[in-house]
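J.: Sequences and hints are given; from them, build the entire structure.
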Amino acid sequence: MTTPALLPLSGRRLPPLNLGASAFPHHRATLRLSEKFILLLILSAFITLCFGAFFFLPDSSKHKRFDLGLEDVLIPHVDTSKGGKNLGGFLIHGQGHDEHRHSLNLKTDEVGRVMELILWLFHAASGTENLEQKREEEERLRNKIRADHEKALEEAKEKLKKSRDEIQAEIQTEKNKVVQELKKKDSKPLPPVPLPNLIGINSGEPADPDIREKRNKVKEMMKHAWDNYRQYGWGHNELKPIARKGHSTNIFGNSQMGATIVDALDTLYIMGLHDEFREGQEWIDKNLDFSVNSEVSVFEVNIRFIGGLLAAYYLSGQEIDKVQSFEQLYKNSNLFTVIPVTGMSAVSGYYDVFPKDHSYLQKGQAGGSRELQPGQYYLYPWKDDGATNLENFSPVHEQQGDWRTHVQPALMTYDELTVFLKILIKKLVKYGLDEQIVFKIKAVQLAGKLLPAFNTPTGIPWAMVNLKSGVGRNWGWASAGSSILAEFGTLHMEFVHLSYLTGDPVYYNKVMHIRKLLQKMDRPNGLYPNYLNPRTGRWGQHHTSVGGLGDSFYEYLLKAWLMSDKMDTEARKMYDDAIEAIEKHLIRKSNGGLTFIGEWKNGHLERKMGHLTCFAGGMFALGADGSRDDKAGHYLQLGAEIAHTCHESYDRTTLKLGPEAFKFDGGVEAVAVRQNEKYYILRPEVIETYWYMWRFTHDPKYRQWGWEATQAIDKYCRVSGGFSGVKDVYSSSPTYDDVQQSFFLAETLKYLYLLFSNDDLLPLDNWVFNTEAHPLPVLHLANTTLSGNPAYR
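Here the sequence shown is numbered in full-length UniProt numbering, starting from 1 and rising by one per residue.
Honestly, the hints are just simulated from the structure, not real lab data. Please note: incorrect hints may appear among the correct ones.
[What the hints assert, rightly or not] Cut-off 27 Å, straight-line C-alpha distance, at most; resulting in silico cross-link-like pairs (DSSO-like, lysine-lysine): (1) Lys656 with Lys223; (2) Lys601 with Lys573; (3) Lys223 with Lys727.
[Said to hold, decoys possible] Now the in silico label distances, taken between C-beta atoms and shown as ranges: (4) Asn287 with Thr249: 14 to 22 Å; (5) Asn254 with Leu141: 47 to 55 Å; (6) Ala207 with Arg538: 29 to 37 Å.
Cβ atoms here follow ideal geometry from the backbone N, Cα and C, with glycine treated the same way.
T.: Structure representation (structure tokens):
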């Protein structure tokens, strides 16, 4: 390491010169002739220097501003030979060329000599009285400059004496300070928005004891998977349940981002595992950091992290710490009910305040008292005598038999309610009841890290992006460096919600630009190829699939329409056009009568179907309502046929679990042929279709098929340390892949739990599930401010 060059002494600014009357001797009111001559000489010299500077000094257009301050002289060096990336070096006011550096030094020396000449002439004219004083001042200034430079040299020498580790530690400390400042900056409060009416969050308990037992079994499996991850893989992306340690793949980069925690949160909440939910929320609040130097999959991070965080945000409660008005809070809150006083003893203009009915049971007694359930909580904002006490209250835990079991409500006027609610909001924050806000903040922070991936010539995002540098690239195996249809086409749901929640149209505009581009492109046989080059905007290899590489693009066209309360007719048209082309070119019946969806490769149909493709049965059923030419019955039947085919792929294995892919060729139907297609990695797509078909038909066979899959997973995939995929579903002695996938908790177990729940749990009229099974609410335009949101103008 060499000692860096010091800045020239002339780079320091001199104190301003006082040229007023007080700078001259006071004992004479006029100047002598010789003094007048000297002043004239000074003026002439000054004019000459100005003209000389104009013609001979370097062109100022090459240096837009000339400032000898340290903060402006040190400008990052840009190495144009390496794509213009800043490699961390510095030049003195340069663009990477030595001549610029030399011209600056020349200019600095000339300016220094000009300043010295002017000072000398001024001293000659100002008389001997001030000359000594000015010289002393200049000497003090030079001494100070020398001292500063000597100090800088000493510090540089001390740095050189330190070990490499010590220097790295100091650098890391400074980096940590910057990261903390960025976190504070990113954590600024987001603007509040009125949220959709969230119904069906705490419902679904089946009356049938057999179904309830199966539902509880799924919940126990979720608890087993979570507890082992909590013990052996906490904070890691996934779990190796046999090795009992953390696991990760390249889609998450090299960082520990807690993918399982974020992916599982909404499942925990839906199942009522609230202690586990709070564990995950606390980890996210304290540890989830997106400033890491890690290259991640834009698609996977969007559907798992942003989707999971948004779902947790919506499910866990309203934005209570941002609400300003009484009406907004009382209409949306799940915490209490406000009832106008009625009856003989009613006082006009007064209101009773109760917790919501899910916390209390209404008793048929005078005065409208409520009875707490044993072990439940409520906010007790009143004195014992019933008088309003707005400042001194806290959550109270009621035990059975407590003397406060019956609570007399407080009588408040409208104005008193307004004051009370403002105080209540602050108290709720104090007691941690605003936990859902962290989910929105984290989702927005992560989305900002993904935006640089869209910086391509076409606006089609890269497949991967570095969260720290923002540099993007595509998978090396993708056709001609292309982006993947199922990846850049599976951002719409999450990005629309981001724009809705933040009021920032940037997210909405990004995904709408993708849609507009796809609409303009020619499609062979009406089909969307799986590969699109983000540089040229041209299709890559003509390979079309409703399974891997293509699947969720079609799913999100339909769900964009559903999520918009069926107002996004453009998305619906694109979906209908695509499905008609798929049905014409890809859907066939086997000799044995099984309906399957093949893959189109370079003008030929490959008679193979993947496990991922099995989601399409549920998609066809979900899209039946609103289909063209009154074909709802046709698409519901098509969904049932796909569900049957996928069930056969399970039923024809030894373990009763489906393979990764299966063929319909040469007498082979719904069976995997290649060894590398015989594995099962806890995938959810078949169970997802069972659930949708159950919701739309209530045919009991779908619950039966789902229970068969539940038993097979519990028997063959369960190990003491969690759940693992198996390598061969046709072997009676399977070997494990030793990975508990995060989507097993996010999707597979969630869909099973919903399959054995009543339809009032997350009803499909109010919720739309993203491709990772994270439920997002329908945005009813007529009932929210969405139509006034700038993202939708």
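J.: List in ascending order the numbers of the hints, as given earlier, that are violated by the structure.
T.: 6
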